[in-house]
Structure formats: C-alpha cells, structure tokens
Amino acid sequence: MDVVGILIVAFVAGTLGGMVGVGGGVLFVPGLVVLMDLSQLEAEATSLVAVVAVGAVGAWRQHGYGNLRLNDALAIGLLSPLGVAIGVVAANEMPERTLELLFAALSLYFATGLAIRALRGPERPSPARSPQ
Amino acid sequence: MPLLILWLGHREREATGTSLAAIVIIALLGVIGHGALGNVDLAKGLLITPPAVAGVVAGTALQQRVPERAVSAVFAVLLVVSAAVLVF
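Residue numbers (the working numbering), protein chains in the order written: chain A, 1272 to 1403; chain B, 1212 to 1299.
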C-alpha cells in the first residue's frame, strides 16, 4: 500500500476531471489496483465514491463560471443507465476482444472530431458589430 | 463530453460542466449498485476523495484560463491513449 502515491494520483485525476469533464476513474482505477491492492472490480466500484464527489464539486464550480446546462445533464444522467443496461446485454453476447476494438474505434472517431475542432483554431467571435 | 460538443453543439467549457453533472447521477447509481453487492471499499474511496476534490477545483479553475480549443485537444489525446491501451 502506498498512501502518499494514491493521494497524488487522486489529485492528478481530479485535476484532469476538472480540465476535461471526466470523473477521473481512468486514473483512480489503475491507482487503486496498483497502489491500494484492490481487485479490478473493487477498484472500479470504489473509484465511483470519488467520482461522485468530483462530478458534484466540478459541476458546482462550472455552474459558478456559467458553464452548466442542467437540463442536458439530467437527460444524459437519467438516460445513460438505460443505455448501460442495453450495452451490458450486448457486451455479454460478443467476444471481449471485439468489445475492446469497438471501444477503441469509437474513441478514435471522437478523437478525430475533437482534433479537427482544435486544429481549426479559436472560434471566431460572433459577427462583428461595427462601432456605431 | 465529445457527444455534447460534436452532436449537441455545446462549447467546451459547457460540455465539461454538463458532463460532470451527468456523471454524478451515473456514478451515484453505480455506487449504490456496487455497494449492495459489497464491492465498494468505503475507507479507500473516502481516502482518495479529498485530494480528488481539491484536484477538480484546481482543474476547473485552470480550465477557465486556457483556450476552449485546447480542452478539445487534451480530450482528443486522452481518447487516443485510451484507444491504444485497449488495442495493444
């Protein structure tokens, strides 16, 4: 067990979560497995405790900055479990490797869209109003 | 987060805020489900929570100071790394 190590990983995961709007599980889970001797299943379950807090505080901070669309968040939050249930059934029907490759393909699809967006440079300000 | 930006027309900062709020609901359901099955190590979960919360406060503050497109770029890198880990 490496308590100092996991505290550092948790801070970095939270920072990443705030930067890009994820819960931080992508770092919590390997951190808990490697540094806290949890099984993969226990680590995934345990990481969710911190993810709830990261999401709540992060959303509250972004709300303060005027960056929260609560209706969209509620729609996604409440519809996702439905999608998860369908996904779990589908995932059990296909080989693990197929699942990994499908997920990788989906990730690359989104990465391409975001990279194109990032490379196009800063958004133009809305049509300039000439000074009156 | 990519869904919100690419399909629902959110700006980067809005997408991260909205995504974090949605994650609360999803993760809460997950904690309840896993908790009932006895998979949650609450002590370790509570150990990582304070530094994670400090991190998210720092991360959101930092995000207000970088260009929105940079947020897309960081997320794109994150997705490529995660895809590579899955494939290899």
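There could be a bad hint or two in this list.
As the list claims (entries may be wrong) - Label pairs and their computed distance ranges (CB to CB): (1) B:V1298 x A:H1334: 18 to 24 Å; (2) A:L1341 x B:Q1275: 15 to 21 Å; (3) A:F1374 x B:P1261: 30 to 36 Å; (4) A:L1377 x B:R1276: 28 to 34 Å; (5) B:L1253 x A:R1391: 44 to 50 Å; (6) A:E1364 x B:A1295: 21 to 27 Å; (7) B:W1218 x A:G1358: 17 to 23 Å; (8) B:G1246 x A:D1273: 39 to 45 Å.
Because the hints were derived from the structure by calculation, they are not lab data. C-beta: ideal position from N, C-alpha, C; glycine also.
Practice item. Please test the hint of 39 to 45 Å on the beta carbon pair from B:G1246 and A:D1273. Key: violated (25 Å)
Check your understanding: Would you say the C-beta atoms of B:W1218 and A:G1358 sit inside 17 to 23 Å of each other?
Key -> holds (18 Å)
Point to revise | Satisfaction of the hinted span 15 to 21 Å by the C-beta atoms belonging to A:L1341 and B:Q1275 | key: holds (19 Å)
Practice item. Starting from the hint 44 to 50 Å, judge whether the C-beta atoms of B:L1253 and A:R1391 obey it. Key: holds (45 Å)
Point to revise | Outcome of range test on Cβ distance (A:L1377, B:R1276; 28 to 34 Å) | key: For B:R1276 against A:L1377, whose Cβ atoms are near 31 Å apart, the range 28 to 34 Å holds.
Check your understanding: So the hint says 30 to 36 Å: do the beta-carbon atoms of A:F1374 and B:P1261 match that?
Key -> holds (31 Å)
**Study point:** Outcome for the supplied range 21 to 27 Å, where the beta carbon pair is A:E1364 and B:A1295
**Key:** holds (26 Å)
Review point. Between B:V1298 and A:H1334, does the C-beta distance stay in 18 to 24 Å?
Key: Once the Cβ atoms are compared, 37 Å apart, the range 18 to 24 Å for A:H1334 and B:V1298 is violated.
When held up to the earlier numbered hints, the structure conflicts with 1, 8 and fits the remainder.
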